[in-house]
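Novice: Chain by chain, the residues:
Number of protein chains: 4
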Amino acid sequence: MSGNTFGTIFRVTTWGESHGAAVGVVIDGCPPGLPLGEAEVQKELDRRRPGQSDISTPRKEEDRVAILSGIFEGRTTGTPISMIVRNRDVDSLPYEKLRHTPRPGHADYPYDAKYGIRDHRGGGRASARETIGRVAAGAIARKVLAEHGIDVLAHVIALGGVRARESEITPALIKENIEKTPVRCADLNAAEQMIELIRSVREQGDSLGGIVEIVATGATAGIGEPVFDKLDADLAKALMGIGAVKGVEIGVGFRCAGMKGSEMNDAFEISPNGEEVVVSETNNAGGILGGLSTGAPIVCRIAVKPTPSISLPQKTVDLRTMQETEITIKGRHDPAIPPRIVPVAEAMVAIVLADHLLRNTALKPHTKTL
Amino acid sequence: MSGNTFGTIFRVTTWGESHGAAVGVVIDGCPPGLPLGEAEVQKELDRRRPGQSDISTPRKEEDRVAILSGIFEGRTTGTPISMIVRNRDVDSLPYEKLRHTPRPGHADYPYDAKYGIRDHRGGGRASARETIGRVAAGAIARKVLAEHGIDVLAHVIALGGVRARESEITPALIKENIEKTPVRCADLNAAEQMIELIRSVREQGDSLGGIVEIVATGATAGIGEPVFDKLDADLAKALMGIGAVKGVEIGVGFRCAGMKGSEMNDAFEISPNGEEVVVSETNNAGGILGGLSTGAPIVCRIAVKPTPSISLPQKTVDLRTMQETEITIKGRHDPAIPPRIVPVAEAMVAIVLADHLLRNTALKPHTKTL
Amino acid sequence: MSGNTFGTIFRVTTWGESHGAAVGVVIDGCPPGLPLGEAEVQKELDRRRPGQSDISTPRKEEDRVAILSGIFEGRTTGTPISMIVRNRDVDSLPYEKLRHTPRPGHADYPYDAKYGIRDHRGGGRASARETIGRVAAGAIARKVLAEHGIDVLAHVIALGGVRARESEITPALIKENIEKTPVRCADLNAAEQMIELIRSVREQGDSLGGIVEIVATGATAGIGEPVFDKLDADLAKALMGIGAVKGVEIGVGFRCAGMKGSEMNDAFEISPNGEEVVVSETNNAGGILGGLSTGAPIVCRIAVKPTPSISLPQKTVDLRTMQETEITIKGRHDPAIPPRIVPVAEAMVAIVLADHLLRNTALKPHTKTL
Amino acid sequence: MSGNTFGTIFRVTTWGESHGAAVGVVIDGCPPGLPLGEAEVQKELDRRRPGQSDISTPRKEEDRVAILSGIFEGRTTGTPISMIVRNRDVDSLPYEKLRHTPRPGHADYPYDAKYGIRDHRGGGRASARETIGRVAAGAIARKVLAEHGIDVLAHVIALGGVRARESEITPALIKENIEKTPVRCADLNAAEQMIELIRSVREQGDSLGGIVEIVATGATAGIGEPVFDKLDADLAKALMGIGAVKGVEIGVGFRCAGMKGSEMNDAFEISPNGEEVVVSETNNAGGILGGLSTGAPIVCRIAVKPTPSISLPQKTVDLRTMQETEITIKGRHDPAIPPRIVPVAEAMVAIVLADHLLRNTALKPHTKTL
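Protein chains in written order, with our numbering: chain A, 1 to 370; chain B, 1 to 370; chain C, 1 to 370; chain D, 1 to 370.
It should be emphasised that the hints constitute simulated quantities derived from the structure, not laboratory data. Please note that the accuracy of each hint is not assured.
Since the list can't tell identical chains apart, any single copy or any two copies may satisfy a pair.
[Claimed, not checked] DSBU-like, lysine-lysine: derived pairs with alpha carbons at most 35 Å apart:
1) 180 x 330
2) 330 x 143
3) 143 x 260
4) 260 x 175
5) 43 x 260
6) 97 x 180
This structure is a prediction, so every number in the text was calculated from the model and none was measured.
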């Protein structure tokens with residue numbers, strides 16, 4: 001109800017503020033008997049961690065996870081899995097002078113309006129550190145998915161004006177290249193240009209936006225729910241709920257507005273590789289029809305806005321005096337969020353898919369009447 | 001859990017199949033004491049109704065709503081409001097030959113995969129008739145919003161290749177022009193071109209996609225929840241959950257990918273009209289920061305795919321024989337969905353806002369500490 | 001959120017007022033492929049129906065159910081099942097003079113306090129007619145349970161001062177005798193006395209309370225959830241949520257307060273009938289340990305208060321004038337509710353079990369590590 | 001969905017196993033601006049803590065709580081409150097030989113059946129240590145209630161065969177006497193007898209059950225929801241969901257079965273103390289009618305079974321060999337649970353009331369039409 005829980009069967013609740021004692025997550029509804037250790041969660045957190053390269057925030061957090069419950073002798077028990085990461089490299093001083101002057105592009109002002117009280121240090125609850133819980137939960141969701149042969153990959157396809165050559169990017173190429181550069185773009189030429197652009201914009205005290213694509217492979221047909229909890233609806237919610245995301249597309253997305261039905265529809269055929277299974281040569285639908293998976297790869301794209309924390313002067317209002325004023329933001333920030341959103345977006349898609357997989361399990365058909 | 005309910009406090013549950021006895025909706029969580037009659041609901045249903053013009057489906061449904069509960073002497077009582085619309089002009093014959101051959105672009109194939117049984121007549125549960133319940137619920141949500149001075153408007157901004165001159169469109173203009181043409185585009189010149197295009201494409205047996213924009217005015221700052229149930233996340237879910245929608249944007253949406261922070265951030269200032277209130281001259285954020293409303297108009301855009309039902313021949317598979325085959329679809333269909341999605345999109349946005357308004361009411365701050 | 005929905009996967013939403021147009025129910029989350037027809041639902045409604053004997057309310061309602069959705073060619077489709085029963089024999093006149101004088105023992109006064117508006121006719125939403133939806137949903141839950149060999153039976157074990165000889169009552173005897181008398185007591189001698197008592201108390205214009213026992217047989221071990229959603233916790237909620245119920249017991253219930261651990265604990269043994277299965281000779285726990293089923297019959301008992309509508313004069317307050325006054329209630333009422341609560345209690349237990357059965361299905365263990 | 005979360009607006013999620021690293025709780029939906037410190041939570045935990053007297057378990061746990069989030073400068077912020085208590089005095093050795101031989105009266109056997117894997121040490125998730133999270137959450141719920149003048153008190157009214165003289169017990173007396181003896185009985189004579197009885201039964205290696213009463217004062221009329229989420233239904237769920245509880249009563253409870261309507265109904269009158277408010281001289285209903293509070297004290301009673309862990313030999317089955325065997329339980333256990341359940345029962349009632357209070361806030365009437 002208050003927005004900190006996601007999912008219906010595989011339920012993820014995150015808690016914690018950027019400069020509080022810790023951040024964490026509780027997962028309720030993970031199937032029992034799944035092999036799980038801290039190392040698997042840590043691996044994903046390490047991908048999310050700040051300070052991984054010179055083009056990311058200099059905040060140094062080891063982000064060491066501890067699993068406090070729900071695991072027994074290396075396996076999940078079906079009881080809640082509680083995970084915690086301590087906040088260590090906290091420097092609240094730069095935020096003190098921003099306490100009453102909301103930063104443009106940030107949650108400060110509406111948080112004040114909603115709650116009347118706000119932990120302003122490091123963005124408080126609205127900090128990107130909250131996503132630690134998501135990534136930790138995603139690591140476990142991935143394990144649920146792996147048992148069903150489903151994998152989730154994300155990569156940066158646009159950053160500032162630079163765009164990857166999308167037509168040449170395959171899941172295999174993403175896997176190969178994704179961690180080769182700090183921008184997480186599978187097209188290595190584009191990656192190089194993106195890095196240069198980030199460096200130049202950072203020097204100007206400014207920031208860049210971009211586009212991230214997420215691909216889930218291996219899902220069979222029929223995963224999802226109809227009407228309101230469509231698979232694409234839940235993916236849209238999960239992805240739009242990541243800070244800085246301003247748009248979500250499935251398949252061809254906004255391009256469909258200019259297409260005709262005869263171009264858009266993915267014709268059905270029998271799999272050319274000999275299996276007696278229904279497939280489509282094209283995948284304009286992005287693997288989802290009527291809110292349910294079709295068996296084709298599930299393809300989403302998200303628009304990520306430029307980091308709102310910039311060191312250029314910005315106009316704002318002092319909420320005590322209600323006078324206009326100007327601020328410059330000197331904290332430690334990523335000049336471009338898309339590369340760091342990659343593991344978060346993967347996590348959210350994994351959580352949605354794991355949840356829907358379990359929802360499908362709950363209501364298996366009693367009969368196949370065809 | 002099974003996807004047919006939306007909302008947390010203002011909860012909407014729809015039911016019914018296209019060619020079943022009726023479709024309907026139950027709303028639980030509507031505040032008591034609200035003046036409400038069938039006429040107000042009927043007005044919105046009339047906007048959604050098929051057969052309103054020569055460019056829409058010829059299915060003739062009066063779509064007369066009956067409110068069966070939750071109203072006493074012209075006011076809501078706080079108990080569930082059940083509304084029902086009978087299906088009358090049902091013609092299931094054309095669907096019989098499509099029973100085992102899933103239509104490309106439709107939910108048929110994944111429904112079969114998920115449920116093992118499916119009411120194939122008129123698309124069954126996946127039919128656009130399901131949105132009757134949404135629009136009826138939206139009519140009531142609008143009444144909740146009206147008490148707080150919030151209004152929701154949608155209009156078509158692109159159809160096929162034709163695009164409205166967006167820069168000239170104001171909420172007032174939308175209100176004035178929206179029902180003047182059957183395409184519901186506030187730019188009347190563009191509207192004319194859209195209508196011509198629809199006619200020509202329909203003659204080819206094909207269909208068109210488009211873009212619809214939804215604007216909510218009057219919301220004060222601070223409506224929404226943080227983290228997962230962000231206002232934009234719930235809007236994305238609500239809108240992506242409408243059939244045929246393949247993309248959702250908030251504010252500048254995907255354009256943010258090419259912007260710099262200094263361009264994207266909406267600077268805060270004191271309202272130039274004399275009120276001591278924080279506002280922004282620009283509204284790139286689309287009225288939402290950190291998942292909460294800022295007080296600026298809330299602006300969403302959705303990409304609507306071309307109607308998948310086209311009369312051109314399409315490849316598919318007969319699921320009994322698992323042989324490839326070809327179908328042509330002769331039912332009664334809209335060649336372009338965007339104009340008819342307008343009242344549905346308005347309804348979904350109204351439902352999200354009413355729900356979040358009530359969520360905010362539940363957790364009013366105990367103190368204003370600033 | 002607003003109290004009209006029950007269940008997590010098998011979700012039941014009821015709507016409707018006693019003297020409104022109709023009452024009804026929507027079930028979302030029923031597994032697809034289940035054979036189902038109106039006759040099976042009608043059979044349970046007929047057991048609930050008023051006017052079945054001379055010791056029940058003379059209101060004459062045929063209570064004919066119509067299933068409006070979710071069924072296709074005699075099977076459930078996995079989509080919402082909407083059922084409706086029209087209100088026909090409505091006589092609101094006697095209620096007019098009770099509009100502002102809350103009836104003692106009824107919901108009138110707190111409804112006014114909560115909602116500020118109330119359909120006073122026939123008790124409005126708080127009428128026992130609301131249970132039509134529960135019984136209709138229960139009929140479907142029973143079908144889900146039947147597929148797993150689970151059956152639910154209820155019977156009256158005490159009415160006024162008369163108590164059935166419980167030690168002699170077996171599930172088989174309940175099945176045989178339950179519908180033989182209008183009091184639904186399996187001990188036919190006790191039943192006779194109960195009937196006489198009801199007649200005499202009714203003549204005095206007064207009413208009687210009683211105790212109903214519900215037994216569910218056939219559930220295997222391990223159904224339920226830990227901690228908050230324990231099977232007994234959900235049963236307690238489901239049963240206490242029936243109007244007029246003031247107490248719920250599982251197994252020996254309140255008798256446990258005077259027992260020692262060595263008496264209370266049900267020792268485990270291998271089934272004496274040759275199967276290699278863990279059983280207990282005694283069943284003090286009522287088939288539930290730690291919130292999960294043990295494999296023994298699940299046994300609940302509920303205390304049902306005497307009908308609050310009595311024709312003797314009662315003190316109350318006129319809420320317009322805030323003056324004390326006196327009322328006598330002349331409506332059509334059952335002098336004893338327990339017999340009519342039998343099908344409702346069965347329905348609620350069936351709904352809880354069906355829901356927990358599906359919850360268990362959703363999270364099947366990945367491995368058996370023992 | 002998986003049973004570890006309670007509440008709709010004020011949502012409580014507990015996690016942790018008895019012999020794991022820690023136990024904890026996350027509360028989402030606490031109103032912002034509420035003054036709160038660890039001391040207030042610690043005070044309630046100290047009442048729950050083991051080892052408080054010679055008639056309770058000798059397990060020595062300091063149970064020191066840390067609040068990790070959701071508080072800023074001494075006030076709640078409206079974001080999730082995460083609290084953690086480390087497990088320190090863990091002795092898992094005695095449990096090793098019980099790993100495959102389920103203890104009668106405990107959750108062991110059905111947990112194995114449900115999950116296929118189980119942390120058997122100290123009862124794992126089914127341990128009474130799980131209630132730490134409930135009591136911590138209850139301490140915060142109490143603060144929400146205090147702002148509305150609501151207080152919650154519990155006390156032991158029966159233990160073994162000893163029964164307190166209930167007619168003489170007032171809320172003031174409970175407050176005065178409750179912590180004077182380790183059995184938490186307000187009737188000090190009865191308390192003395194209870195203590196003696198506990199000592200003698202413990203020497204026999206056996207245990208005792210009892211009855212706890214919970215009284216909530218100060219609630220105005222109209223709190224609760226109709227139909228399924230009745231206030232008494234949610235109280236029944238909350239209380240039956242506490243380990244060892246086998247029965248729940250509201251008001252006169254099971255005594256109503258032998259009463260007539262004319263005896264049971266609480267007549268309404270104008271408050272004799274001069275306020276123009278509707279009250280009742282009697283309170284047979286226990287402060288709840290139609291699932292909503294009446295303004296009278298809310299009175300619940302629970303039956304608590306004797307501690308299942310006894311040191312007398314008990315029959316059970318070895319689940320590896322499926323052979324019958326015998327166990328004696330040598331852990332550290334309370335010979336009687338009722339005194340220690342007192343703070344847990346108070347916490348659960350406080351959580352239910354706080355949640356329903358906020359639910360009422362969300363849907364305030366738009367008008368008072370009377």
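Novice: Decide, hint by hint, whether the structure agrees.
Specialist: For each hint, the structure was consulted:
For the identical chains of this complex, residue 180 and residue 330 are intra-copy neighbours only, at 30 Å inside a copy versus 52 Å across copies, given an alpha-carbon limit of 35 Å. For the homomeric pair residue 330 and residue 143, neither the shortest alpha-carbon distance inside one copy (39 Å) nor that between copies (39 Å) is at most 35 Å. Taking the shortest alpha-carbon separations for residue 143 and residue 260, neither the intra-copy value of 40 Å nor the inter-copy value of 37 Å comes in at or below 35 Å. Taking the closest pair of Cα atoms, residue 260 and residue 175 come within 35 Å of each other both inside a single copy (34 Å) and across two copies (29 Å).
In this assembly of identical chains, residue 43 and residue 260 lie within 35 Å of each other by CA distance solely across copies; the values are 32 Å between and 44 Å within a copy. Proximity of residue 97 and residue 180 under a CA criterion of 35 Å is satisfied in neither setting, with 39 Å inside one chain copy and 52 Å between copies.
Hints 2, 3, 6, counting from the list given before, are not met by this structure.
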